[in-house]
Amino acid sequence: MLLLLLLLQLLLLQQLLMLILLLLLLLLLPQLLLLLLLLLLLLLVLQLLLLLQQLLLLLLLLLLLLMLLLLLLLQLL
206 MLLLLLLLQL LLLQQLLMLI LLLLLLLLLP QLLLLLLLLL LLLLVLQLLL
256 LLQQLLLLLL LLLLLLMLLL LLLLQLL
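Just so you know, we're using our numbering here: the sequence shown kicks off at 206 and counts up by one.
Derived from the structure by calculation, the hints contain no laboratory data.
As the structure is a prediction and not an experimental result, all values here were calculated from the model.
Positions of the beta carbon are idealized from the N, C-alpha and C atoms, including for glycine.
No false leads were mixed into what you were given.
Here are the simulated distance ranges between beta carbons:
1. L248 to L216: 40 to 48 Å
2. L274 to L245: 38 to 46 Å
3. L209 to L238: 37 to 45 Å
4. L230 to L269: 53 to 61 Å
5. L241 to L276: 47 to 55 Å
Assemble the whole structure, with the sequences as input and the hints as a guide.
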């Protein structure tokens, strides 16, 4: 009987510990999710900035090409 009580107590203690761990995890999870979301957002912003940089570079090259064409046209006239 004593052994049974002890076993029951251990089971209850284990369940209590699991519950505490679960609660801690649930408390920490929003911060972890928030951190993950912030990281993803940062990566997305970096990708967008890289894309923007490439687009600006392309635009600059096109502008340069246009200016060269204009210079050539002016020289031909």
